[in-house]
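Residues per chain are reported as follows:
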Amino acid sequence: MLKQFTLAQLADVLAATYQGDASHQVVGIAPIESASQDQLAFLDNPKYKKHLETTKAGVVILSQELAQFCQSNALIVDNPYFAYATVAKLFQREKQFSTGAHPTAVIGQGCTISETASIGPHVVVIGENAVVEAGCVVGDLCRLGDQVHLYPRVTLYDGTHVGARSIIHAGAVLGSDGFGFAKHQGQWKKVPQLGHVIIGEDVEIGANTTIDCGALGDTVIHNDVKLDNQVQIAHNVEIGEHTAVAGCTGIAGSAKIGRDCLIGGAVGIGGHLSVCDNVAITAQSGVSKSIKEPGVYSSTLPVQKDKKWKRTLARLNQLDKTHERLKQCEFAVGELLMREKAESEK
Amino acid sequence: MLKQFTLAQLADVLAATYQGDASHQVVGIAPIESASQDQLAFLDNPKYKKHLETTKAGVVILSQELAQFCQSNALIVDNPYFAYATVAKLFQREKQFSTGAHPTAVIGQGCTISETASIGPHVVVIGENAVVEAGCVVGDLCRLGDQVHLYPRVTLYDGTHVGARSIIHAGAVLGSDGFGFAKHQGQWKKVPQLGHVIIGEDVEIGANTTIDCGALGDTVIHNDVKLDNQVQIAHNVEIGEHTAVAGCTGIAGSAKIGRDCLIGGAVGIGGHLSVCDNVAITAQSGVSKSIKEPGVYSSTLPVQKDKKWKRTLARLNQLDKTHERLKQCEFAVGELLMREKAESEK
Amino acid sequence: MLKQFTLAQLADVLAATYQGDASHQVVGIAPIESASQDQLAFLDNPKYKKHLETTKAGVVILSQELAQFCQSNALIVDNPYFAYATVAKLFQREKQFSTGAHPTAVIGQGCTISETASIGPHVVVIGENAVVEAGCVVGDLCRLGDQVHLYPRVTLYDGTHVGARSIIHAGAVLGSDGFGFAKHQGQWKKVPQLGHVIIGEDVEIGANTTIDCGALGDTVIHNDVKLDNQVQIAHNVEIGEHTAVAGCTGIAGSAKIGRDCLIGGAVGIGGHLSVCDNVAITAQSGVSKSIKEPGVYSSTLPVQKDKKWKRTLARLNQLDKTHERLKQCEFAVGELLMREKAESEK
Chain Y
30 MLKQFTLAQL ADVLAATYQG DASHQVVGIA PIESASQDQL AFLDNPKYKK
80 HLETTKAGVV ILSQELAQFC QSNALIVDNP YFAYATVAKL FQREKQFSTG
130 AHPTAVIGQG CTISETASIG PHVVVIGENA VVEAGCVVGD LCRLGDQVHL
180 YPRVTLYDGT HVGARSIIHA GAVLGSDGFG FAKHQGQWKK VPQLGHVIIG
230 EDVEIGANTT IDCGALGDTV IHNDVKLDNQ VQIAHNVEIG EHTAVAGCTG
280 IAGSAKIGRD CLIGGAVGIG GHLSVCDNVA ITAQSGVSKS IKEPGVYSST
330 LPVQKDKKWK RTLARLNQLD KTHERLKQCE FAVGELLMRE KAESEK
Chain L
30 MLKQFTLAQL ADVLAATYQG DASHQVVGIA PIESASQDQL AFLDNPKYKK
80 HLETTKAGVV ILSQELAQFC QSNALIVDNP YFAYATVAKL FQREKQFSTG
130 AHPTAVIGQG CTISETASIG PHVVVIGENA VVEAGCVVGD LCRLGDQVHL
180 YPRVTLYDGT HVGARSIIHA GAVLGSDGFG FAKHQGQWKK VPQLGHVIIG
230 EDVEIGANTT IDCGALGDTV IHNDVKLDNQ VQIAHNVEIG EHTAVAGCTG
280 IAGSAKIGRD CLIGGAVGIG GHLSVCDNVA ITAQSGVSKS IKEPGVYSST
330 LPVQKDKKWK RTLARLNQLD KTHERLKQCE FAVGELLMRE KAESEK
Chain H
30 MLKQFTLAQL ADVLAATYQG DASHQVVGIA PIESASQDQL AFLDNPKYKK
80 HLETTKAGVV ILSQELAQFC QSNALIVDNP YFAYATVAKL FQREKQFSTG
130 AHPTAVIGQG CTISETASIG PHVVVIGENA VVEAGCVVGD LCRLGDQVHL
180 YPRVTLYDGT HVGARSIIHA GAVLGSDGFG FAKHQGQWKK VPQLGHVIIG
230 EDVEIGANTT IDCGALGDTV IHNDVKLDNQ VQIAHNVEIG EHTAVAGCTG
280 IAGSAKIGRD CLIGGAVGIG GHLSVCDNVA ITAQSGVSKS IKEPGVYSST
330 LPVQKDKKWK RTLARLNQLD KTHERLKQCE FAVGELLMRE KAESEK
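Residue numbers (this note's numbering), protein chains in the order written: chain Y, 30 to 375; chain L, 30 to 375; chain H, 30 to 375.
Isolated chain Y, as found in the complex:
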């Protein structure tokens, strides 16, 4: 059932030129840093060109401009991210839908599984004394540790792992597709999201919280992390042990949050950045650069009476001009002082 494609076959699908061994076979996809000989990788951003020197990928999708730096077999295309989206679709597992409830799943002793829960038809493993309440949906290839508790209407997409003793509250969704699209001729092309969600042990996840699966690789929530209600975790985020995240906070793709952090409510954390261990962030703040030193960070903006706030806002919008005026004023004062000094020294 393993899907495999030769370099020549892929070139054909993509209408791409290629360099290297036409008969080289790949059986999967991985990030360029970790891909092996039987895997395909892609390189879109020239910033990561250096990976071409060390990658072990069997095939790399890249642009003409970067092809010269590539020692591996290569597929040469105009838009590598778009081409990757096309190839990734080839490798996507075909889903068979279960329309019943309890199937061939391996369910541990002492479990309580609601009759209205749906358990995927493939190899699902549920640990001992787990509870799956009404209306839950557990996809194929999911694994739930001992004493996991899914409150009503939790949805686990295929391949989600939940560690022992973790608690997931009603309406939470784990493993939904990451928000990945490649623009091509003015139209969005969906980039298949091939990774999964891996939840550690003793994690608690709040009601209606959402955690997307990884694009490639996984979204990982480590042991003893606590997420409040309506938190949104994008693809490939990683959250370190014992970190707590309050309600309504959103963490963008590939952000890496350290251990023992306290993230306030409604905080926004940008993508592709990292927050070190032992950081606290106050409510409604925004993180748009990596944080490399432990401590408390903030951009919380508390209310004032509306009338006062409107004046403050007007002044804020003039701030650049105000600064210029201050500079001119300082300059004039400096001149006055100099002339006064010159006068007194006469």
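The hints are simulated quantities; they were obtained by calculation from the structure and are not laboratory data.
Since the list gives no way to pick out one identical chain from another, each pair is judged satisfied if it fits inside one copy or across any two copies.
Calculated cross-link-like contacts (lysine to any residue; reagent style SDA-like; alpha-carbon spacing at most 25 angstroms):
id, residue 1, residue 2
1, K78, F210
2, K318, D349
3, K321, K336
4, K218, V160
5, K76, V325
With chain Y fixed as given, assemble chains L and H onto it according to the hints.
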């Protein structure tokens, strides 16, 4: 089964006075700009008085003060919005609840419908090769195009249309009532939400995203729009083709977003405004006025160390006073310079 | 079935020392202000020491340092909040899961209950003409008033009360555990959330909104409150009559919101504070202190063109230094003016 009421009957229900033809019949409700002879409209905000000159509405609900400008049949009341709420309830379709699963719906070839999904008892049409996963609820009069994929536990309220190939992730809710209430004697009166949600083709909608139905008229998401998780779209919003909206963003009622826009995560967009095509808005920004020029817009406020931020905030709160001090300082310097010049010219 | 423990038994469980009557029995837990002779309370924050003078609690968990001020029976521990979490677990009701649909619930005349809804096995009472749509989950000991309407997939955890005529939209979750954890030796310990959610009459709750149960005592939404979609209400919040809260707003634990307030979208309200009656808060604002005067409050930050905003932001980050520079400039001008005056008086 069509509901119809004469002007005199409606005046009776509302204990209103009226002007015009007591026997004139209306069979529905529409916005004042588009209402026809057999429809009723209302006018609450004097700002829209000009519509009275051109409206074709069979009956208009309005205040005494505006009645003189109305050529149509009119219902004259103290609080037109409250009276509208009362009348709208008369026209609301009575819902019959299905308590089973698969009914008389017209379901295309090759569809996969979970046994735990609920499909409304009235005329539901589902296109070919559509997938409706476990726990979904598809209300009456819904239409799903070919290859639509509803992941588990999606809820479509009555009358929702979803175009071909669109994907809706787990827990999303489309067509819930807009947030519309009229205050009357200190108490909220629910304004029936009579419109629907219309989703174009190739749209993707993230997990636990919510889209309210229109109050009158519809909430419209055009082709190839991509909405991330936990986005909130209020009643009568319209989003143009190819626009992408990142997670946790909220768009208030009747806002009109253009094509090819990129809206960052946790952005707030105010009601009754428009954003033109090709606008990008950075994460956590707020839009409170219409945007009429393409470009990048921002009010993202990134964190600082808390100690520094507290000082910045203190200064921000003094900004109006600081500005005043700068003005006085400039004035004093101006006077000094003038006197110095006068002195030197002596 | 009532659980009861003597002071000595509890000391044993906690490995705590105690003072007072070893055989004194308690049957439940309550806040220190309201606990009675047969209830246990805890005191963690020395700020609330004064309650020791007046409490009627049968047993108080506290630290060695505060034990001298305690007239009641006391359990003396290093970390009172952690010890409380342990004891609270002893008193938690053991849940029996229903795996079927309709049970022994008392259901009023004229109700419409979907066959795919799950109704808890214990004493549930549902009023007349209530509607419970597909996929809803109604936990044990819930009470729904007459004409309550639960749209599809609403989840009510055990013990939730919903007053007459209230409407709850799809995907909303009421009664999920509050976000309460005690840190102990670097690990989070779950603090059992023992309270409930109490919803008044004529309340409307939007799609995918979440309301946590109280930690001790209840989370209370009073009559005629209107909550939009994706609102998050933390444990022990109280919201006064006729208040309306727009979408995506989050209210942190134990905040108390007054009557007739209008809270805009995506507002953040901090924990343990109060907002008085008749307050309006504009969208995306943050409330971090109690508001004691009616009026409009704001910290909404509207977008500018990104280029201009970046300059404004740079100036904002220098604001403290700018202020210092203005002070020096003013000082220099003051000196110049003084010397000029002295000169002219010569």
